[in-house]
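Sequences are here, hints too, so could you generate the full structure?
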Amino acid sequence: MEFFGLGILTWITFLPIVGMVIVLLLPKENKDAIRWTSAIFTGLQVVLAIIIYMNFNRGMAGINTQEGFQFIEKATWIDIKSVAWFGRVQIEYFMGIDGLSVLMVILTALISFIAVFASWEIDKAVKGYFALLLLLDTGMMGVFVALDFFLFYVFWEVMLLPMYFLIGIWGGPRREYAAIKFFLYTLLGSVLILLAILALYFSVSVNDPVTGEKIHTFNMLAMMNPANFEPGSILAGMNTSWRYIAFIALFIGFAIKVPIFPFHTWLPDAHVEAPTAISVILAGILLKMGTYGLLRISYPMFPDATVFYQIPMAILGFINIVYGALVAMAQEDFKKLIAYSSISHMGIVVLGMAAFNTQGMTGAILQMFNHGTITAMLFLIVGVIYDRAHTRGLSEFGGLMNQMPKYAAVMSIAFFAALGLPGLSGFISEAFAFLGAFQSFRWITIASTVGIVLTAGYMLWTLQRVFLGTLPERWKTLPDINGRELFTLVPLAVIVIVLGIYPSPAIDLLTSAVNTLVDVVGQSGGMAMGGQ
Amino acid sequence: MLEQIVHSVKLLQPETALAVTFCVLLVLDLVVRRKSNLAAWLALLGLVVTAFFVLQQASSGQNSIFFNMLAVDSFSVFFKFVILASSFLIILFSLQSDELNSGTRRLGEYYSLIIALTLGMFLMTGASNLLMMYLSIELTSISSYILAGYTKEAEDSSEASLKYVIYGAVSSGMMLYGISMLYGLTGAVDIYGINRALTEGDINLMALMIASILMVAGFGYKISAVPFHFWTPDVYEGAPITITAFLSVASKAAGFAMMMRFFKVSFLDPTVGNLAMGAWASFQGFEWNQLLAAISVLTMTLGNLVAIWQNNLKRLLAYSSIAHAGYMLMGVVVLSNEGLAAVLIYFVVYLFMNLGAFYTVMIVANKTGSEDIEAYKGLGYRTPLIGVAMTIFLLSLTGIPPTAGFVGKLYLFAALINGKWFWLVVIGALNSVVSLYYYVRILRNMFLKTPERSAEPIQFSFAHVTILLVLLIPTILLGVYFGPLVEYAQASLVMFGIQ
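The listed protein sequences derive, respectively, from chains A and B.
Note that the numbering used here gives residue 383 to position 383 of the first sequence, counting from 1, and the numbers run on in steps of one.
Note that the numbering used here gives residue 1445 to position 445 of the second sequence, counting from 1, and the numbers run on in steps of one.
These are computed hints drawn from the structure, not numbers from a lab.
All residues carry an ideal CB built from backbone N, CA and C; glycine is no exception.
Among the hints, a few may not be true.
Below, computed lysine-lysine pairings styled on BS3-like, alpha-carbon distance capped at 25 Å [stated by the list, open to error]: (1) B:K1420 with A:K81; (2) A:K214 with B:K1420; (3) A:K31 with A:K181; (4) A:K81 with A:K214; (5) B:K1010 with B:K1152; (6) B:K1449 with A:K28; (7) B:K1449 with A:K127; (8) A:K31 with B:K1420.
Some chain B residues flagged as far from chain A (calculated, every beta-carbon gap over 10 Å) [as the list claims (entries may be wrong)]: (9) G1193; (10) M1209; (11) T1271; (12) V1272; (13) Q1284; (14) K1420; (15) V1433; (16) L1436; (17) Y1437; (18) P1474; (19) A1491.
Next up, the structure:
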């Protein structure tokens, strides 16, 4: 699918860059023009995402065959001819999506669009803010559509700098600390990923279709085919210790983004200090990159190591769920509470992923999307109250139900979705994830369900602390939620409700991909499937 | 005999051009008494002529001239280009430096010394005889001693110069001792002869080890590798910033070129390894690369860890350049053409990003008179162009895509991984994470802090912007399209005497 000679994925990825250039050219006094330009370009992105959704072929599987991918774009980017002692180097501009990425593409477009409106009240260096936001948008979208590992890595790293500045300049009181912590942590993860990429690069070679010469490649799909591994190369074979080490390097890199315990400590700091819109993006999209990377890269490239580390992964998922929930329960700061609840909910994704069966993986991917929408709502909700009261201390609120009825309604939807109330989207994905996990490892799953109870506990307790009780004198003038804020929240609420009642539109997108991924892990990992 | 000399003289054109330029500048400085920039423009002209001759050499194949004194091969031509580019840029920087142009100081001598320094480095890139190596190092060093102390009124400049002399004297003394030991062991002073003697004869490995450690002292001093780096921070801080920038790039390039040639050619075992495939071996288990691996780890780790604590940007960049020398040493350790190619690629990248960072520091120092990190507070708001340019240079130094620095690191890491040096590559990777911290400290001051004092924007002219762009565009472009650079570097690995 092409517009003006360029594929739709190129458009959806680089539209924000075009927007960024326009924003940079606008005079900095003209703040509304800057805001509207950003809104238009992210809006166009949403339109493209809808077009992708409409035209997405639900039957095509993807994962490890190029034929299974859709909207493919492939062009040679860098081609260095071989010398006697070093083979040809080929880096491709290779993009495509399948069931694994399509939901993430839609989520990225949607959350970025909402983030622009959530940033409307930003008044400090508006031009720089929106330029960086748009650059970040391109980086995120690129990660989800890239199928060449080099390209993927470039997008992965492009996000770091805008994120650093967005937290560091527009954040809260401890913003500098939070920003550098984020930067250092993620760069540490990135260099480990880079080393794993290089090891894969030297282990995999494909034949050039024209000349027949062997070339090393960064093509992700080629790296997923065990036949392409050169005998004697470092990652050749199955179940070798180097493969386990490479898997761990990738895993740490991705786990830092998720964040999986014990690599999670940057997240609460980053969330608490970041401005609302950036928290929304961080929780809504950035965290998903970690689990997406595991599913897109670690699973199909290292199925043997994935199976080998199944139980440790499940245990980490369990720790995330319960530890996140316990720490969330102890929080006084509204935003920190949501941040830890994110850790807890991402644990469900990890647990579902580790199950290696259709239900578990479907649940995991769906949970990635649902958590994206629900947590985005939660952070927006925190932003609403913080903008009015300039405090996030939960004990300072109370009795706001009558003062801010519309706000109470929206917040209740988000909170009940987060605690997994049937009829809202969170329930479906959590149920799938636990169902799958239960078949694979019973006791870990049973232990993890404690997390659900705890989640219900702190969520309801938070609702109670904010809305029930007596209204303190100082909040008697708080205005209810306004139109712009509703505009950011209502679309998400609609998605949460619709997918809670009728999840098929989302599940249909990913079924073929999930089945293929389960097969890939099952066959190459040498493990019997489901129910055992 | 005569034929050889005629042939050699022909291939010595670039060096001759530099020598002539040097003499002309010297005389000019005596004749023209008033202050003018004529010397700078003449020096630039001399460099252009030299570049023309080097271009001719690029197609003249592999030669050894003056009875194996100097090699003129693709390898040396590559480094000559790097050195020429940095001399050219440094002279342009000098024209704009307030530090140098203040007062009534005449700069004829300064420019002539830069040319002499360039000449010394040219000889270093090709030196294939131990005596030639020693002489070219001395020529480079003596010119740099004077240049480091060029702003005589500044005390730290004189201190820098003196420290430089003392450390330099010790190192070159050690190196000379190493040379004499090598000569005693092998009976040869040219590296080809040494290689023959080593492969044929029965050599005392212990003595050879000591001799090469002493040689490393000389090389290590030039590339400021730990533990021969002690002069670096003080000299870099005290010297005029143009000279600091020059030493950090060109002098290192020349040192690396000489070291790589010496180790590869002298200690090559032609019977083991597969040269055609780019891997070679050192003879009889003489593992000099283990020694370099240790130095490399120490160099980058110390450079990065100490840089964290620096508040003076010149000093910070000095330690950062020590760390970068450590990264580049990793490429030499691998004993493969891939590793050497990675070093060559890294030098081109490093040329642009490091000079870019130093140039930005110079512009800011011109205006604020300070190189302290505090002077950078709010710079990103006062002068966005400079703030953004500095950001890109620093990101490139960290090695974050899509900048050129990433490509340099990528090739280094790739060579190490392919050569199965996993522990070293992990240390290298962790070091780049550490380096992020102090580079980001500058970003933090530029963008996250608001200016304290008079928040005037920094004025810059069209010339400033041009030079900034000349450095900035390659820093980004080589990050997204590096095919030609890699191909050229890979083709430039041919040294005379090795097929």
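Could you work out which of the previously given hints the structure breaks and list their numbers from low to high?
3, 5, 8, 14, 15, 16, 17 and 19
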